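> Join the two chains into one complex using the hints; note that each chain is given alone, in its own frame.
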Amino acid sequence: MTNEFLPPGLALQKADERIMTLNVGPQHPGSGHMRIIVQIDGDYIVACDPDPGYVHRGEEKMAEYRNYITNIPHLERPVIHDSCNVLYPYVLGVEDLLGIEVPERAKYVRVICSELNRCIYTMYWLAIYGIFLGHSTMFMWPAGDRELLIDLMEKISGARVTHAHFVPGGVRNDLPPNFEEVCLRQVNYFEKRIREYAAVFYDNPILISRTQDTGVLSREDAIRLGVTGSVLRASGVDYDLRKKEPYDVYEELDVHSNVMKEGDSYARSKIPWLDMLESCNIIKQALEKMPKSGSVRVKLKPNPKGKGLNSVYKRVESGRGSLGCHIVSDGKVEPYRLKLSVGSFRNLIALPYLLKGEKLGNMPSVYWSLNYWPVEADR
Amino acid sequence: MMSTNTEQVTIEEKPAEEKPAEEKPAAKPVAKPAAKPVAKPAAKPVAKPAAKPVELPAFEKNISDKIVEKFGDKIVVSFVKENRVGINVDKENVHDVAKFIRDELNYDHVESVSGVDYPQDKEIEVVYHIGSYSDSSLASQLIVLATRAEREENPIPGKDATKLPTLRDIFYSVEFHEREVFEMFGVYFTGHPDNRRLLLPEDWADLPPLRKDFAIKGR
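Protein chains in written order, with numbering that gives the first Met the number 0: chain V, 0 to 378; chain C, 0 to 218.
Be a bit skeptical, because a hint or two may be false.
If you want the footprint, here are the derived chain C segments under chain V, 3+ residues with CB under 8 Å [said to hold, decoys possible]:
id: 1; segment: 121-132
id: 2; segment: 161-172
id: 3; segment: 198-211
To be clear, the hints were calculated from the coordinates, so they are not data collected in a lab.
Remember, predicted model here, so these are calculated numbers, not experimental data.
The C-beta atom is built at its ideal place from N, Cα and C for all residues, glycine as well.
Excised from the complex, chain C in its bound form (with noise of 0.2 Å):
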């Protein structure tokens, strides 16, 4: 029944390098969700660690200074608190950057993967929190990596524009993770070897339900 599915992983991966990084503001802060369309909130980006360097944590500094070593303006550290790190990330290189904190950083499983739904920024948000059991340095740390994907107004999940690659191949434990956030926001994984349904119904014919447009009758 897994071996059916397996000829969907190379179905589309080749725009990933042809665009420039530039296109997208690689800066993007983390858009405030409050209902009220004001201008776009791109002037204002995340309180950096840079902004104010007061009392941030030395252990957890010195992780996102790794990443941001190695990535460059690829990446924005939203965050640094005490046993959190923040990165956020866009859909071209969560990959690379996924790969860089197992192969080089030590972290070796996703605890938890969560969707957040955005539509008044077309988009969706989808968290990441790795851990590491090995490394015992690490063992109340995490890294919450975040990047996002397109929204669809009318979702045709699996078919549409949502669509992000898979982590599975890189972090095996987000298997089911990942199967729960396709069925729940839509958000497609691409080279994910089972995206089937979890927990939904299997005649489930409506949009993915914590969405933010899903609204819970007579509230």
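Excised from the complex, chain V in its bound form (with noise of 0.2 Å):
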């Protein structure tokens, strides 16, 4: 029998003497929600196999069964901590199709929600990476700095994590009263607050000996691997859809793309800090610019639908990198296909050619500075 159809990890392999195969997850805590076949050789990874799935619960499939508008909660779960970043492609996408013009007042509130929870989310995922490197101090302050954030979605929406707040043409509900004020002093104590994390974490020398050129991804590898979001900025391409795709109102916003040009785990975990801080600079612009009143919710019919058949692709910088939604929709009140194009996925791919040749020890902060986030990845 060929090793063709073979599940990873059964196929047969040539056995050498000095090869260890080691399985990394699904239960390792180090991994994720998912397995990552290494082959060492004494303490260098000679191969790595990533293999995703473990949690996959066909978002996609599910979508074509459930109309336009009872899509939204369940297509933010791949991402609950960027709940709306997640669903902010399919809401544009669906008002392509539709036809809707959104209210201006709607489109700040979808700014300021999304770049809170691009915050909300780089703050849980620095946690876990800096307690995977030992780090215990960066594991306590963001989980508890992010709650300040947390309060302030919660006001928006009335929920804590998954908002299912963006709707086809605008938001579900407005700002409570006396937000911009309560959110202007969150926000400006939340970047004072991330700014003392320099001091202890990145310019912290033994975090910088541990990942300053480990898994090193030079910037033509980066572009024909194609990966995005923070480790396509961490090798020196500046590409951030809110500048160069801006969707909502993000041109008439003064956005700053983060770059570094060395490649390695350590600016590929700093650009997500410096992304916060640019996301803070965008939170208080967009309260400044945004209109004081005005609908933020076109009325739709009950069901919508699409006008024949139609396909449209949009896409967003969520905290992972580019998102897109491709949706096929043939007229009905449900979409025909959809398809989520996810930044974990596309990352994913950088992980086997960035762990070739590293330590064994060094898997952790190579794969965490991915920014992976395994249910988003498997969908």
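Now the structure itself:
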């Protein structure tokens, strides 16, 4: 029997005395909900084969059985901490199919929610990244500080984690009274707080010695592998969809995209932190420019449907890079086909590439620096 | 583990050139997947850009013109929208078109590969969304390259006629995407070095789950 269709890890291999095959995960906390099959020679990784799929939930199949509105709550499940961003391209796509123009104030509310969610997600990721490098302070601080922003999102949407706040035609509810002042105060404090992380984490010589020059991804390879988000920008490619293909009101805001040239684990872990500072900046601009009153939602008919056979591909910049949603509609109330192209799945291809030749002890730092979210990759 | 599969690279490449391209209607319309079995919608072509020359965005039109100029009637421009150019091509020519897109038009990576099942046409469409990082003028552009594979009622993934040439030798970034389409739709990519399962359980023995005839229980 050939190895052609055997699952990974079961395929017969010519064994070398020196090479040991090691399954990291799916229960290992350092791998997330996935398995990484590594072959090691002594302490060095010679080959690596990621095996995702342990949290595959068939979101795309489910979407074909629900109408455009009832798809909203389950489509944000892949990344509950970034639920606004993961829903964003879907909502933009449905609006494109229906030909709806969204009120100006709703666009600003969406941008604020999306940036808050990006910070909430990145803080969660940073906490995990910290603890896997053995830095417990960096676990406790972000896990505590993200509560500030979760409270803000709770004020906006009523839910702490899965908001289901974006709907085709705008957002579900208007901002609560007095929100602007509270938000500005909290975001200012949050910004001051995360600046302190530099001293304890990013300028820490222990972190630098563990992550600098490990898992280097060159600019050419980053382009060839088609990675996205912080992984791409850490390798010196200036590509941020908020600037390159601005959606909603991003073109009216001054967005700075953070780029580093090194392409190592350190750069990949620093870019999301810089992005959070940029998010604070964007939130403050949006609060200032937002129309102070007005509608936030266009009323839709109960079961919206597109016109004839049509397809649309919308993408946004999420916490893990470009997140695209391809909707094929055939004029019914459900999508004919819905495909999420997520940043985690696209960055996964870099993992075997980066781990080859690394020491096994560097695996957590390289793996978590990819900003990889297994549940999102599996969908 | 990855090196063991390389011998399947040249399984079947022959029949590509023998058939004249006219055998299949090259101007394949995006058939409407509504369930009613009306007469084949071959008479209804996709809204071609020539049909309504009103508000086509100039930059995107320029890109689609370059592709049309090179390949003529081997391709069909399915739509030209802001930032998106849709190209339909049959599977004999998809490799050449993708190579042209990479080498001459400076596109360098694939963002997304989606399969779409059309049981009433007995075809499965595979849609590549191709973008560019290195050329900043193309940063917001995507080429939507769609091709179609034969669909079998009783699929034996990898062993039946549902096959397409892989684009992995042109765009390295399709590697995992094509593996996903293989397991979810049963489209085997000839020449892909690593056609294994990715997300599904190891003992999955049912239909490819994203095909339309795989129904969710209770629905």
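> Now look at each hint and say whether the structure bears it out.
Outcome of the hint check:
no.	hint	result
1	121-132	holds (count 3)
2	161-172	holds (count 3)
3	198-211	holds (count 6)
Violated hints are absent here; each numbered hint is respected by the structure.
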